[in-house]
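Asks: So the chains spell out like this:
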Amino acid sequence: MSVVRVAVTGLGPVSSVGTGRAAFSAALRAGRTGAAPITSFDTTGFPRVHGCEVPDFAPERLLRRLDPRGWGRTSLFAACAARLAVDDAGLADTAGGGTAVVMGTTSGESQELEAMTAAVLAGGFPAVPAGVATALPAGRISRAVSEELAAEGESLTLATACSASNYAIGRGYDLIVDGDAEVVVAGGADSVCRWAHAGFHRLGALAEHACTPFDADREGILTGEGGSALVLEPLDRALARGARVYAELLGYGLNCDARHIMAPDPDSIAECVRLAHAHAGIGPSEVDYICAHGTGTRANDAVEAAAITKVFGDVPPPVSSVKSVLGHTMGAASGFGAIASVLAIAEGFLPPTAGWRTPDRELAALDVVPVSRPARVRVAQNNGFAFGGNNAITVFGEVA
Amino acid sequence: MTGVAVTGWSALSGAGEGRVALAEVVRTGRGPEPVDSAAGRAVVHRGFDLRASLGRKGTSTFDRWTGFAVTACGLALRDAAADLDGEQRARAGVVLGTTAGSERSTSEFSAETMTAQRPYLVPPSLFPNTIMNCAAGQAAIRYGLAGINATVAGGDLAFPQAVRYAATALRHRRADLLLTGAVAEHTPHSAWLARAGRPDAVPGEGAAVFVLERTADVLAAGRAVEAEVLAVVTGHRPGDQSPAAMTEALASCLRRALEAAGVRAAEVALAAVGGAGPETDAVIAVVGGVPVLAVDDWLGYCQAAGPALRTAAVLAARDEVADGRVAVCTAWSADGGVAAWVLRGWGGAR
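Here the protein sequences come in this chain order: U and G. Just so you know, we're using numbering that gives the first Met the number 0 here: the first sequence kicks off at 0 and counts up by one. Just so you know, we're using numbering that gives the first Met the number 0 here: the second sequence kicks off at 0 and counts up by one.
Rather than coming from a laboratory, the hints here were simulated on the basis of the structure. Each hint should be verified, as a subset may be incorrect.
[Said to hold, decoys possible] Short, incomplete list of chain U residues facing chain G, as computed with Cβ under 8 Å:
#1 Asp173
#2 Trp194
#3 Ala242
#4 Pro358
#5 Gly387
[Stated by the list, open to error] Heads up, incomplete: computed chain U residues facing chain G, CB under 10 Å, no partners named:
#6 Gly44
#7 Ala149
#8 Leu155
#9 Ile281
Just so you know, these numbers come straight off a predicted model, no measurement behind them. Backbone N, C-alpha and C fix where the C-beta goes; we use that ideal spot for every residue, glycine too.
Just chain U, same shape as in the assembly (with noise of 0.2 Å):
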């Protein structure tokens, strides 16, 4: 029996520090945050006002068969990021059955349900405009994909909250290892929204300018949005057709603490570091690199830590967070973690935690990368976690 191996051909980033994957390789190398005051709703009596937007956001100018006009946000990051990644591939058709979409998300299409919730305040469910109930389900998500790429495979939306994008690339390993599609497009999705960022406040993970991981005087996340997309083929197939691949997904871990909602937990976390490293085959020590789930905030930081040294002790491989970057785009996040670990590999060199300057003494054991450097990357581990425990880790190795 063969055992089928999975490449990554394509890449496709809608982010706030820049769309595709030139403009974004460029400003992750550089540390370049996307921060700068929120526009997306009226932030008028928020004592933190930044997050990292998608500055002039034009699905038109990407898109080339899905009509923006009756879709969310959120489906046009994720269709305009799956455009972006096909484009990338040079797959000139996607068209039939052999194509499969998944996508992660948080909060779907929050900017939708809050224009139904501003509508019932203001005048009751009459008063909600036409067209916002066809439009807020989050599986339309994937549905927009789909519909861009004229792709009849699976259509899926997995909506496991912050480590959903890293779902969505563990369930596109398992269509190309099963047969059961030729091409996957996996990633995420997720828009700035008022609700989350005052969740995110009253729990005192607000940042006030700038996210930095794993710093001593972190102060919490910036929100963020975007879309995130990879293209997953047979290895052998890429390589028949010529393809560039960029790195092959070695495999994927996934569990939950079922302990707490919101608090995350170091054990747990270890163990699916072991689940992820297992189904990949390999063990700590051929870790180059870890791309940190690295939210900024006190209690996520020092947890993952904790699981870190768990599992590599007390010389664990280099880390940083692109969250230090991008924000926490929440429901895409582990997707751009994704195509930060792919560059790494594929350009050679660790992405920076950027703004981080004063080590913190209780996080001794971690290597945090403050500055983007060249840097062999053989092997690349992605963390997710979420709220509901569910937490998800890819691995990402060059092409031997």
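Mind docking chain G on chain U? Use the hints.
Replies: Structure of chain G alone, referenced to chain U:
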């Protein structure tokens, strides 16, 4: 073939809770009467009492949607007589389907930011209720299930997608037991969504959860298989999504499901669909004149929970699906989703 078996299940709906209540609906062909709720006429689970079902401990933040989910998961575990030890719980998990979580909880949280004296004065303990994985996460906490925990946001397609997801995880031995189902609550917010999607239907609510395990493992342990999930196929119809196009896409999906199941159309003894329209037309086109249960006509349009309740109705119709007889179910969404799944029923007697 998925190689996955149902070893227990539960259902909550306007018909009440449990096998007997649903079996009575199927046997008589009569559903519960719709009632006048605060959100208009609907088929609701009137007897549901969250505290009576689940107690007070750990449930103070639960909304109706989470309460349904956690209750249905517990009843399904009990129905399967699954008494899991610590090691087994590490390899047991939850896969739940939804449309958008509790739209009411999310909208009410959102409303706080618009009406409170300061926009950030939202109740922090209710923040997780705005996230769609809340119900699956709470079920995992309640029953100590540390294996795969996934939430599928697929609306009308969420349940078959959840079953496909679970079947893959079981086949690849990432988990040994997965509580797999779908949940929907009746609230003013969900009723508004339901009426926008199916203006002619009476909104309903409910949940159905199935205990899924690898068939081979169940048989090796000498335990009863209630039904085998022979195949689940889902897909998307891009472009033309007219009723005629969706009927054709559904029929094609159903043919592929039968092929994957290794079953001829003539072997199908029973079908369950939401109602008239593309589903019924596709079933007639592919399998001909078998009895068709139109489950939404009895239980209302239950959005994500509908296809799960459809499956429960098939299993409740024991006489029709015992002795290895085959049933098919379908689901579709107006935005291009199609699904068909094939069950072989053993009535727990295999």
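Asks: Each of the hints needs a verdict: does it hold here or not?
Replies: Verification of the supplied hints:
no.	hint	verdict
1	Asp173	holds (5 Å)
2	Trp194	holds (4 Å)
3	Ala242	violated (24 Å)
4	Pro358	violated (30 Å)
5	Gly387	holds (3 Å)
6	Gly44	holds (5 Å)
7	Ala149	holds (4 Å)
8	Leu155	holds (5 Å)
9	Ile281	violated (17 Å)
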